[in-house]
Amino acid sequence: MREIAEQLRAQLWIILHHRYIALITAIVICSIGWVGINFIPDEYQAETKVYLDTQSVLKSLLQGLAVDNNTREQSAEVMQRTLITRPNMQKVVLETDLNLKLNGPQETERMIDSLMKNIKINSISLLKQRDSNSNLYLIRYTNRDPEIAKNVIVVLLNIFVESILGDSRKDTHEAEEFLDEQIRDYEKRQYEAEERLKLFKQKNIGAMPEDGRTQYQKIATLDAKIEATNLALSETENRIVELKRQIKNLVTSTYNSDTGPALLNPLDIRIGEMETKLDELMLQYTENHPDVINTKLILDQLEQKKQSKNQHSPDDSAEKSVDNNVLSLPLYQELNVMLGQAQSEAVALKTRSAQYEKQRAEKASLLKTLSEVEAELSNLNRDYAINKKMYEDLVVRRESSILSAKADQSGDKLQFKIIEPPRKPLIPYSPNRILLTTLVMLAGIGGGIGVALFYEQIRPTFYTRKQVIDSMDIPVLGSVSMFWTAEEKMKRRFGLAIFGTIGFILLGSYIGVLIYNGLPFDIRDYM
Amino acid sequence: MSIIEKVIEKLDQEKPASTDSRKKVIDVKSKRTKPLNQSNNPSESNGQVGPLDDEQENYYELDFQRLNNHGILTPDSINITLSEQFRRIKLPVLANAFGENTLNAEGSNMIMVTSSLQNEGKSFTSFNLAMSIAKEFNHTVLYIDADIRQRMMESFLGIGERSGLVDYLLDDSIALGDLFVKTNVPRLTLLPSGRRYDRVTELWSSQRMNQLMSELSQRYSDRLIIFDAPPLLQDSSASILARLVGQVIIIVEAEKTPRHIVEEAVTMLDDSTYVGLILNKSNQRDVADNVYYYGDA
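Protein chains in written order, with the numbering used here: chain A, 7 to 533; chain B, 3 to 299.
No wet-lab data here; the hints were simulated from the structure. The structure displayed is predicted, hence computed values, not measured ones. Just so you know, even glycine gets a beta-carbon here, dropped at the ideal spot from N, CA and C. Check before you lean on any hint, since a few could be wrong.
Unchecked claim - On the chain A side, residues computed to face chain B include the following (Cβ under 8 Å): (1) 371; (2) 459; (3) 463; (4) 467; (5) 474; (6) 478.
Claimed, not checked - In silico negatives: residues of chain B with every beta carbon more than 12 Å from chain A: (7) 95; (8) 139; (9) 185.
Claimed, not checked - Here are the simulated DMTMM-like cross-link-like pairs (lysine to aspartate or glutamate), alpha carbons at most 25 Å apart as the crow flies: (10) B:258 / A:476; (11) B:258 / A:399; (12) A:395 / A:200; (13) A:495 / B:86; (14) A:374 / A:363; (15) A:495 / B:180; (16) A:126 / A:113; (17) A:394 / A:183; (18) A:369 / A:233; (19) A:369 / A:382; (20) A:364 / A:378; (21) B:258 / A:9; (22) A:395 / A:233; (23) A:374 / A:340; (24) B:258 / A:153; (25) A:123 / A:191; (26) A:423 / A:83; (27) A:430 / A:187; (28) A:394 / A:182; (29) A:395 / A:368; (30) A:97 / A:119; (31) A:209 / A:48; (32) A:312 / A:297; (33) A:495 / B:65; (34) A:497 / B:257; (35) A:394 / A:187; (36) A:254 / A:233; (37) A:311 / A:363; (38) A:395 / A:382; (39) A:194 / A:351; (40) B:258 / A:12.
Using the sequences and the hints, build the whole thing.
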């Protein structure tokens, strides 16, 4: 213990003895140091604080990689490694227009390297305890230009946000774009299909299947109609044959049997009617009554008609008389009317049947082209239907995609939040001139002491008798104390005063330099 | 600047314009000051008998007050520490000179005090040693200023220029006894360096010097002769003188004289020479005291 104390004492004495060397060294070191500090350029640090749900973000950043139970440091490390990448830095350089100041790719590379080195992501904890679940991160960057420092952080934050939120959002965005494009495409195609259908319909207006009935159905209808008509015709013809047979039977029966009711001549019937009428009129009126005259005139005419008729056909008079007898029969007349009706009906049916046949032939001839038209139409219809279905599907999917993206975004808000946005730093972050000034001061003192001790090392002298005994193999007779004469004392005091003064000047310079370098000092605080 | 230099300056100012040295020597010779109280000194009868002393008329009264102020031990000195330190130093010196372990029969009572460089305190130490030994009951001291160039005695003690050693060596007609200067310290006799002379080294090497040395050494066996020599590294005469004396004491200035300088100074001496070191101007008084009190040195 005493040895150590003695050693310390000896060292201290050495320093005191070489105090002027120490002081000069300190002054030199401090002067150079303090002047040098002024030449260190200011550096500004921009920073931002963000909240991140670390686990989920890391999962999204490191898909497929196992990231479970990270400590905060590890999380920050992973964040740093994944975000501060060369491509990202290139983006930063481009977006902050840093590349405008750089000449050539080499400088850009160096700039990127410096960015990668100087951008720091640290995990910070609001609570003092070192919990691994703290989700606060501090992103910092230092540059000589405060504006650049801030811009770098802003751009970095954007990249950060994009890379965290962007993965899903970019996907949905791309999907949306794809869907939109598809929808537009299908819209167009649908419109075109509609157009084509319309034109086709206009072109084949006659050959269109109406109300779901095809041309075949039409022909079938026509066939049925033709059949029905033919059926009706054959019925009518049968009736005509029957009627004709009845008439013939009637005529023959009249010839063969006299007992049959006599057939009256129509003229005779009229004459009889006229005579009856004349008699009636004669009862009421005179012979000179116009009606009677007229009736007599008609009767005469009828008589004459009968006379002339009998004269014109004297050969057939018998038969004619028979015919006239048959013809005058009401049944015969009835049958004749029915026959006429049936005959006209048959003609009508024949005409209709022919018409139907003609129509059917037309349809049949159309049938070939019609099938083609129909095939094309169904084709068109199918295209249209598919388009329509796809279009509707796409619209639905787009809607659901937008919805899910919104859901994602609302989820993202929970996992990422900028707590402190980057701002332009006004006070330089480094160098810490006050600290450096103090360090220089300490270095000066330390250097002075060091130089004093070093000087003693290279040029050792004796301080104690013991040192002389130890280092010289010559007998030591003794030691004599320094005798301070009055003058020596004065001189010594003067020397100490000078030393003290210079020392105080150095100390004052130190304080002065501190204040110059921005130590908040207000003289009023001390008054 | 050492004490001695300061004293010189002071003395230079006090001293009147220098006059012819010869004349001064005569003046000194003729000067009669108050006689010493020699009868009280027990060793007087031994020490002062002999042809050399017959014509001894020189006397110089030392100014004790002034010497005290400059740290010189005087009979009325109250500096206990300093006197104690010199007491400790003189014991081995005397032992070497007169004790049972006497280094060598010839010249062991002649001590040369030197240093590596100047201003290390040769004169201060040597004169204090002389004063300290002069307190001894059985020993007288002859203090010789052998530093021709610096001539400490003249300035330091204020004696002024007197005939001395150089004059005796150069001039056969001068009796050595005429050159001794008695002082008001009973057992202390001084021998000034004498006239200024350039070839000191050659002078010291001379036959006459050898004769003188053996005579000085042998004539008074109880007398210790102390030479105040020039620095070893700055004056070759010191090395020559060292061969003629029994002991060499090298003054080392504490905190100032580098170790290698001391070592170099030692190489200037013959291997056979007995050398002792004295650390002068030490500030580590406490350590020295500890050493003293606990006796572990």
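Hints and how they fare:
1. 371: Constraint on residue 371 of chain A not satisfied, violated at 141 Å.
2. 459: 14 Å, violated
3. 463: For residue 463 of chain A, the interface hint is violated, since the closest Cβ of chain B sits about 11 Å away, which is over 8 Å.
4. 467: With a minimum Cβ separation of about 5 Å from chain B (threshold 8 Å), the hint on residue 467 of chain A holds.
5. 474: Constraint on residue 474 of chain A satisfied, holds at 5 Å.
6. 478: Holds - the Cβ of residue 478 of chain A comes within 8 Å of chain B, reaching about 6 Å at its closest.
7. 95: The assertion about residue 95 of chain B is violated, with a minimum of 7 Å to chain A.
8. 139: Given a closest Cβ separation of 21 Å, the condition holds.
9. 185: 21 Å, holds
10. B:258 / A:476: Cα-Cα ~17 Å, so holds.
11. B:258 / A:399: 104 Å, violated
12. A:395 / A:200: 14 Å, holds
13. A:495 / B:86: 22 Å, holds
14. A:374 / A:363: 18 Å, holds
15. A:495 / B:180: 41 Å, violated
16. A:126 / A:113: Within the cut-off at roughly 21 Å; holds.
17. A:394 / A:183: 20 Å, holds
18. A:369 / A:233: It holds: about 16 Å lies between the C-alpha atoms, which stays within 25 Å.
19. A:369 / A:382: Between residue 369 of chain A and residue 382 of chain A the Cα gap is close to 19 Å, so the pair holds against 25 Å.
20. A:364 / A:378: Holds - the C-alpha atoms of residue 378 of chain A and residue 364 of chain A are around 22 Å apart, at most 25 Å.
21. B:258 / A:9: OK: residue 258 of chain B and residue 9 of chain A at ~23 Å, within 25 Å.
22. A:395 / A:233: 46 Å, violated
23. A:374 / A:340: Roughly 52 Å between the alpha carbons, so the hint for residue 374 of chain A and residue 340 of chain A is violated.
24. B:258 / A:153: 60 Å, violated
25. A:123 / A:191: 49 Å, violated
26. A:423 / A:83: It holds: about 19 Å lies between the C-alpha atoms, which stays within 25 Å.
27. A:430 / A:187: The given pair, whose Cα atoms are some 43 Å apart, is violated under the 25 Å limit.
28. A:394 / A:182: The given pair, whose Cα atoms are some 19 Å apart, holds under the 25 Å limit.
29. A:395 / A:368: 39 Å, violated
30. A:97 / A:119: Distance of about 13 Å is within 25 Å: holds.
31. A:209 / A:48: Violated: residue 209 of chain A and residue 48 of chain A sit about 85 Å apart, past 25 Å.
32. A:312 / A:297: With a Cα-Cα distance of about 22 Å, the restraint between residue 312 of chain A and residue 297 of chain A holds, given a limit of 25 Å.
33. A:495 / B:65: 22 Å, holds
34. A:497 / B:257: At roughly 18 Å apart (the allowed maximum being 25 Å), residue 257 of chain B and residue 497 of chain A satisfy the hint.
35. A:394 / A:187: 15 Å, holds
36. A:254 / A:233: 31 Å, violated
37. A:311 / A:363: 51 Å, violated
38. A:395 / A:382: 20 Å, holds
39. A:194 / A:351: 60 Å, violated
40. B:258 / A:12: 19 Å, holds
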